[in-house]
Each structure stands twice: as structure tokens, then as C-alpha cells.
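Q: The listed protein sequences correspond, in order, to chains A and B.
Residue numbers for the first sequence, in our numbering: 44 to 154.
Residue numbers for the second sequence, in our numbering: -19 to 93.
In short, the hints are calculated from the structure, not lab data.
If you're wondering where the values come from, they're calculated on a predicted model, not measured in any experiment.
By construction, the Cβ of each residue, glycine as well, lies at the ideal position given by its N, Cα and C atoms.
The reader is advised that the hints may include incorrect statements.
Derived pair list, reagent style EDC-like, types lysine to aspartate or glutamate, alpha-carbon separation capped at 20 Å [to be verified]:
(1) Lys33(B) - Glu140(A)
(2) Lys146(A) - Glu39(B)
(3) Lys149(A) - Glu58(A)
(4) Lys69(A) - Glu39(B)
(5) Lys37(B) - Glu58(A)
Covered stretches of chain B (in silico footprint by chain A; criterion: 3 or more residues with CB under 8 Å from a CB of chain A, positions within the stretch not fixed) [claimed, not checked]:
(6) -13 to -7
(7) 10 to 21
(8) 67 to 80
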Amino acid sequence: SQQGEEDPQALSIQEGENATMNCSYKTSINNLQWYRQNSGRGLVHLILIRSNEREKHSGRLRVTLDTSKKSSSLLITASRAADTASYFCAPFQGGSEKLVFGKGTKLTVNP
Amino acid sequence: DAGITQSPRHKVTETGTPVTLRCHQTENHRYMYWYRQDPGHGLRLIHYSYGVKDTDKGEVSDGYSVSRSKTEDFLLTLESATSSQTSVYFCAISEAGGNSPLHFGNGTRLTVT
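Please put together the full structure from these sequences, using the hints given.
A: What follows is the structure in C-alpha cells.
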């Protein structure tokens, strides 16, 4: 299992702006997953992107995956105060069913 | 949150006492996970299960044991709690392990005094 590393650790933007978070990992993967965590709650799954996919959309979320650079990015467009949360990536290597998370990016959207 | 329940939600216990946390699911998912979350460390995997009576260690398994005697329940036991095990514990379930999304419970906040 491998851990993704999110960057930046913290991000503060104004409502209406776009937010971009990045995730890097070290070895080849089967898929990469993004999760959101609101304060005091469990993680909520956002998007799963497979290794043969380059881009995936879900509402205001856009995830890209570049396997040659071993990196992924999560873009939130037209952010809202309700998007304030921590965001985690989890690259899934396969071999075992362990899913390991990084330390996350803490996003603050100011009204 | 639907389909996964952690109990208790909060617990305070003394150093040296045994503690068992319970994760219960109604989704009939094969895979279940226990994580702990601490400031500065993100989420760390303790143990996971890939079927009844089938478990494996995660990154931080020392001091913890697990049991899964039926599909719906995954128990995490701290045999002799220590202050370093003060944390928020999350259970997660998955239909196909890492090949599908994990669904998390709302966590158990454990304080060891």
C-alpha cells in the first residue's frame, strides 16, 4: 500500500473562486480516490479515477490523473462556503485491499 | 453514513483498561476497515478485514486486535489502553476493497486518561 501526499497542506480562498489541490504518489496504481471530510465527521467519497482514465467530472468537481507524473489534481469550481473541509487522496496500488490516506489539504472558503 | 454505525460515539477510559469499539454495517459489504485520526497524522490504517474471520494488519496495528465473526460486525479491541491511543477512530466499509469507494462511519472519540 502507498500513501498519497496532498499539496498544499492548507488553502484559503474567497467564495466563487476555484480551488485546486494536488496529490502525488510513488508507484503505479489501479485507481486513485478523493474524499472530503467536514469537521468532526467521517470521510465522504467524492470521485474514483482509474489508471486508464485521464479526467473525470462530478458536478463542480474535476479530477485529473497523470500516471506518467504520478500525480492527480482535484479542482473545485465556483467554490462555496460549504466546500470548507479537508480533502484527502488515496492512491490504490492493488496487491492487498489496504487503502492508505495522506494528511489532506485543509480548504477554507471565505464568504 | 447510511448502513454503518459505530459505537460508542464517545468513550473515556483509564490507562490499562481494555476497550472494545464496534462497527456494524447493514450493507453486506465484504471489506471493513479501522482507521485512527490524529492531528498532524491524517488517517492511519489500523487493521482491515476481507471477510469473516479474515483480517490483516495496517500501518499502526501494535496494541490493537480485531475480530470479525460475522459479516456485519467488525470489532476493534485495545487490550490495555494507553494515552497514545487517545484518538478518533473511524470504521469504513467497501464492496470491493480498494477497487470501490469506502463508506465511513461518524467515528468514535476515545480518550484514555
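Q: In terms of beta carbon proximity below 8 Å, does the region 67 to 80 of chain B have 3 or more residues touching chain A?
A: holds (count 7)
Q: Examine the region 10 to 21 of chain B: at least three residues should have C-beta closer than 8 Å to a C-beta of chain A.
A: holds (count 5)
Q: Just to be careful, I want the Cα atoms of Lys146(A) and Glu39(B) compared with a cutoff of 20 Å; is the pair within it?
A: Distance of about 14 Å is within 20 Å: holds.
Q: Taking 20 Å as the top limit, are the C-alpha atoms of Lys37(B) and Glu58(A) close enough?
A: Distance ~42 Å between Lys37(B) and Glu58(A) Cα, so the pair is violated.
Q: For the pair supplied as a hint, Lys69(A) and Glu39(B), confirm whether the alpha-carbon distance does not exceed 20 Å.
A: 17 Å, holds
Q: Does the structure keep Lys149(A) and Glu58(A) at a Cα separation of 20 Å or less?
A: 15 Å, holds
Q: Take the C-alpha atoms of Lys33(B) and Glu140(A), compute the straight-line distance between them, and say whether it is at most 20 Å.
A: Holds, at roughly 16 Å.
Q: Using a Cβ cutoff of 8 Å, are there at least 3 residues of the region -13 to -7 of chain B near chain A, or does the coverage claim fail?
A: violated (count 0)
Of the numbered hints stated above, those contradicted by the structure are hints 5, 6, listed in ascending order.
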